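Those protein sequence lines, which keep their order, are chains L and W.
Position 208, counted from 1, in the first sequence is what the working numbering calls 208; the numbers after and before it change by one each time, with no gaps.
Position 130, counted from 1, in the second sequence is what the working numbering calls 130; the numbers after and before it change by one each time, with no gaps.
For the record, the hints were derived by calculation from the structure and aren't laboratory data.
Predicted, not measured: the structure shown is a model, and the values here were computed from it.
For each residue, glycine too, the CB sits at the ideal point set by N, CA and C.
All the pointers check out, no bait thrown in.
DEER-style ranges, computed between Cβ atoms:
| hint | chain 1 | residue 1 | chain 2 | residue 2 | range |
| --- | --- | --- | --- | --- | --- |
| 1 | W | Asn190 | L | Ile224 | 42 to 50 Å |
| 2 | L | Asn209 | W | Asp179 | 45 to 53 Å |
| 3 | L | Leu29 | W | Phe270 | 39 to 47 Å |
| 4 | W | Ala171 | L | Ile111 | 51 to 59 Å |
| 5 | W | Ser45 | L | Pro92 | 47 to 55 Å |
| 6 | W | Asn164 | L | Trp228 | 42 to 50 Å |
Read off the chains here:
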Amino acid sequence: MLSYLFRRIITLIILLFLVVSFVFLLIHLIPGDPARIIAGIGATEEAVSTIREEMNLNQPLYIQYIDKMKGLFTGDMGRSLVTDTPVAQIVPKKFGATLELIIFGAIFSVIVGVPLGMIAASKYGSILDIIINIISIIFISLPVFVVGIFLIYVFSLNYQLLPSSGYVSLNEGLLHHFKRLILPSITLGLGLTTINIRMMRSSLIEELNTDYIRTAIAKGLSSIQAYWKHAMKNSLIPVVTVFSLQIGSLFGGSVLVEHIFNWPGLSSLLISSINRRDYPIVEGTMIVIALVYFIINLFVDILYTILDPRVKYE
Amino acid sequence: MISKFRLTSNNIILILTGLILLCMLLTFSIGPFIINKNPTDMDYSNMLKSPNEEYLLGTDNFGRGILIRIMYGGRISLIIAFSSSLFALLVGLFFGLTAGFYGKKLGYFIMRGMDFLISFPPILMAIFVVGLFGGSLVNLILVIGILYVPRIARLSYSQCLSINENEYIEAMKALGAKDLRIIFKGIIPNLMGPVIVQTSIIFAYSLLLESGLSFLGLGVQPPNPTLGGMISSGRSYLHMSIHATLWPSVFLSLLVLSANLLSESLREKFDPTH
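Use the sequences and the hints to build the structure in full.
Written as structure tokens, this is what we have:
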């Protein structure tokens, strides 16, 4: 296990190094003079050369690359071209907002998805089961932004129960903060909810058909006891596994959710800085997202061995 | 061996979703010839209208017909999704089979490259690349295609490794068959089932990815209609009219739903134990 962990961390570092190089190369591959593109149309020669100086563009490519790497190791990721704030200051702030969204989306998907899956499995083949099944396949096909917009339409525009978008920090009021968190986290969690429903259902059905459950019931155990004490425990293993494997994918979904609900997280930072051609921020955001994504996946793999002792990493 | 065709519920779903996809395809390809309108023509006397005789699904904030825009937008979505999943299929098969068949060192490097590509959420990578280089049709197809290459490559690699162990492959080798013949006659026919299922899943994913990108304003650029772009611009007028958002959402969701159902019933067909 230890040597596995060691190797995984080495791989993680290599992957991160590759991502940084890839992002660096791609930004420098943009056709034309990046300084001129950043300066915008109609900028003076002077402004262009200032930016070139600032971004170190006068140096040959490999020296720029080495400088970038040096900067990364000292925690210096450059400064925003628009606001001149250090990247290392902006990015962590936004990261918290994204993480909050992901956590609440995941919680929603468990609270709603797991019980629905249990109901469907215990009423296997009934109309209720079929309805839950149909709903879950429909929701798995709905694009995240369609769900978000229609939640806004129903809950904000029609019934005016919840605010349609925006972010209020915790200091400005707990209630206002959570009111604005509800719709985005439901939108983000809905996809994972359907996955939870389907996993819970199929895994519980399988478990209920095993010999040991039949034996337990034949020996006089009430079906409730057989369900709760035995079947449920074992059927949760694959659910938790798939659930944790999917947590990383919430990162992808958060891009669209943040855009719809004006949520000031990492992905909206990425999009807005791409649109403003603020490349140091783009670079910083991509690197942080990659790092977090890799770490989540590493944790998931370790968690996997704890949940299911049959899995062993060599 | 091809088993006898029976009318099971799975086959009915397969036929139904196939029919829905076919209908969509026909609407998107022939529709524009029947409703002879330009999707970018604006009509300021007819803004945000509800469905009526002239505009079957109403108009958007520029007075452009929603139905005709859905047809053109759906066309772009389908072209991108189809081409990028075909790209992922062909390139993925090439890498997966090369790695699986010629094995060892080359295979190791190819598969580590695939690990790198898959190590990042696709939509973020797509936003990054498309945001830098612009969302032309070719760019979108290439980016989406490349992002899904690893799915096919990994699958065909692992399948190829296990097929390689079979005696009939050994027999082919002993008979002096050339590598290409072994790959095309011995290996590819035996891994096509799961690969086709995976490709249909990629098709659904590409539809979602493309519409997500155009929703963010990074896909094919306006005034060209895209389903994601229509939903995005319609949402600013939700308080006045829902039609500009509703109909493109319905069409897009139907497309993805039928693609999902198709892949699910294909999976049941090729892998009944799943």
